[in-house]
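Enquirer: Residues per chain, in single letters:
Protein chains: 2
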Amino acid sequence: MDEHIVKSYDEELKFIVRRICEMGGQAEHLVERAVNAMVKSDLAMAEAVITDDALLDAAQRELDERAIMTIAKRQPMARDLREIVGAIRISNDLERIGDLGKNIAKRVIAVHDHPQPMQLVRGIEHLSELTLQQLKEVLDAYVERDHQRAERIRDKDEAIDAVYTSIFRELLTYMMEDPRNISACTHLLFSAKNIERIGDHATNIAETIYYIRTGAQMGPERPKSDRTTSIVVPPEAAGSAPASEA
Amino acid sequence: MDEHIVKSYDEELKFIVRRICEMGGQAEHLVERAVNAMVKSDLAMAEAVITDDALLDAAQRELDERAIMTIAKRQPMARDLREIVGAIRISNDLERIGDLGKNIAKRVIAVHDHPQPMQLVRGIEHLSELTLQQLKEVLDAYVERDHQRAERIRDKDEAIDAVYTSIFRELLTYMMEDPRNISACTHLLFSAKNIERIGDHATNIAETIYYIRTGAQMGPERPKSDRTTSIVVPPEAAGSAPASEA
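Sequences listed follow chains H and V, in order. For the first sequence, UniProt numbering gives the first residue as 1, with consecutive numbering after it. For the second sequence, UniProt numbering gives the first residue as 1, with consecutive numbering after it.
One should not assume that every hint holds.
The calculated DSS-like cross-link candidates involving lysine-lysine, where the alpha carbons are at most 25 Å apart (straight line), are [stated by the list, open to error]:
no.: 1; chain 1: H; residue 1: Lys73; chain 2: H; residue 2: Lys40
no.: 2; chain 1: V; residue 1: Lys136; chain 2: V; residue 2: Lys14
no.: 3; chain 1: V; residue 1: Lys73; chain 2: H; residue 2: Lys14
no.: 4; chain 1: V; residue 1: Lys136; chain 2: V; residue 2: Lys193
no.: 5; chain 1: H; residue 1: Lys73; chain 2: V; residue 2: Lys193
no.: 6; chain 1: H; residue 1: Lys136; chain 2: H; residue 2: Lys193
no.: 7; chain 1: H; residue 1: Lys14; chain 2: H; residue 2: Lys136
no.: 8; chain 1: H; residue 1: Lys73; chain 2: V; residue 2: Lys73
no.: 9; chain 1: H; residue 1: Lys193; chain 2: V; residue 2: Lys136
no.: 10; chain 1: H; residue 1: Lys136; chain 2: H; residue 2: Lys40
no.: 11; chain 1: V; residue 1: Lys136; chain 2: V; residue 2: Lys40
no.: 12; chain 1: V; residue 1: Lys14; chain 2: V; residue 2: Lys73
Calculated from the structure, these hints are not laboratory results.
The following block holds chain H by itself, in its conformation from the complex (with noise of 0.2 Å):
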């Protein structure tokens, strides 16, 4: 950690920028390593992950004390207090992306020695592979400041949220056809909760880059992230056709 060598304010602004870089990287590489832990029931990676949470808990804290500190100190106007509150708002993003990721690790160890059905496991990789991918462009945008991109970002969790509810009902099917998969199913609803949700913050990110870039809120309302909420699978769609929704 280089502290005490933060000398200008210009210093400290790309101080600040660069942390949320390395933060982001980390954050992304955790939520990797976590999915991949469930799919490959890998209880070591699991707990790697759980260690490592804590590193991005106390990135976060720094980031946030300093930010803060330069604001006291600097009284930044205009886009440099913008830069500065975004930075606070992102990184709060990412140490929950974080937490997310930690959660799903934590969830391997329940699941790992119950088979998991290929289409399942199939369904989440490919949900996760979707939000590391909004996950990386957003944090691109965020180096280029790119509001436009950020923009086209947003649009794009649709795509995250038709997995997911997807995902939820396959997830509903697998446990009424067999009541030996509700723990384990239970789980992975949870996992694929979690990935939606850091989808969620990925959106987050890219409406504070709009923000720190313009000014203004992107608008307008952004869509309806979590459809499942109102899903109700009948029983006698198990085993049978895709379940309808009530």
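Chain V: place on chain H using the hints.
Expert: Frame of chain H; chain V shown alone:
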């Protein structure tokens, strides 16, 4: 809204603190009604909760901007700075409590025409009572800036987790008994998880109060919150003895 009236620094601080208290009351009320809507299958109340959450989002955004402008303009140090930073953190927690309440309300639609077993409903009511009590106490501790009380509140999070863990087991067992319960129980499962997370946010607020008052972090590490991540209920347990942990 009394914008433009705020004149002195002291008034700005008071405005921020007052607004946090208002948001706290709104968040409490929102969660209470969300759980009531769930328990009574009251769709109109659920709709009202979903609408009202937008007010909390707007209040958080306004407080955030106001607090940051105050930091930039007034360069507060030490306790004053912690007051404002603390307010930003607490309003973030309150906004997320509102989101979790809204998410419960959205699930009322999916669950409302499925018969819910009394025991489960009682469990969720009990969980929400404990959590609302925790939230109420932490808001009182904020008003009093009582960091010792905040410490005691954090310790009580254990009780909420224990009740959540028992509801989690019950829900899995109930799903195994009859596949027709699976859809509704999944939504109850997410609702219970949301209430447990509201308890975590109350804990965050307790930690922030400690920070405002003392300038230090509350130590040692907060207790592990969600222990259900490792729970596996064997299907044989359904309908018979209480489920055992894997």
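Enquirer: Taking the hints in turn, state whether each one holds.
Expert: Evaluated hints:
1. Straight-line distance between C-alpha atoms of Lys73 of chain H and Lys40 of chain H comes to about 49 Å, which puts the hinted pair past the 25 Å bound.
2. Of the supplied pair hints, the one linking Lys136 of chain V and Lys14 of chain V holds, its CA atoms being roughly 20 Å apart against a limit of 25 Å.
3. With a CA separation close to 22 Å, the supplied pair Lys73 of chain V and Lys14 of chain H stays within the 25 Å bound.
4. A distance of roughly 19 Å separates the Cα atoms of Lys136 of chain V and Lys193 of chain V; the hinted pair therefore holds under the 25 Å criterion.
5. Straight-line distance between C-alpha atoms of Lys73 of chain H and Lys193 of chain V comes to about 41 Å, which puts the hinted pair past the 25 Å bound.
6. Proposed proximity of Lys136 of chain H and Lys193 of chain H is supported: the alpha carbons are some 19 Å apart, at most 25 Å.
7. The straight-line distance between the Cα atoms of Lys14 of chain H and Lys136 of chain H is roughly 20 Å, inside the 25 Å bound, and the hint therefore holds.
8. For the suggested pair Lys73 of chain H and Lys73 of chain V, the alpha carbons sit about 10 Å apart, so the restraint of at most 25 Å is met.
9. The straight-line distance between the Cα atoms of Lys193 of chain H and Lys136 of chain V is roughly 29 Å, outside the 25 Å bound, and the hint therefore fails.
10. For the hint linking Lys136 of chain H to Lys40 of chain H, the alpha-carbon distance of about 23 Å falls within 25 Å, and the restraint holds.
11. Only pairs whose Cα atoms come within 25 Å are accepted, and Lys136 of chain V paired with Lys40 of chain V is accepted, the gap being roughly 23 Å.
12. A threshold of 25 Å between alpha carbons decides the hint, and for Lys14 of chain V with Lys73 of chain V the separation of about 16 Å falls inside it, so the pair holds.
Checked against the numbered hints listed earlier, the structure breaks hints 1, 5 and 9; every other hint is satisfied.
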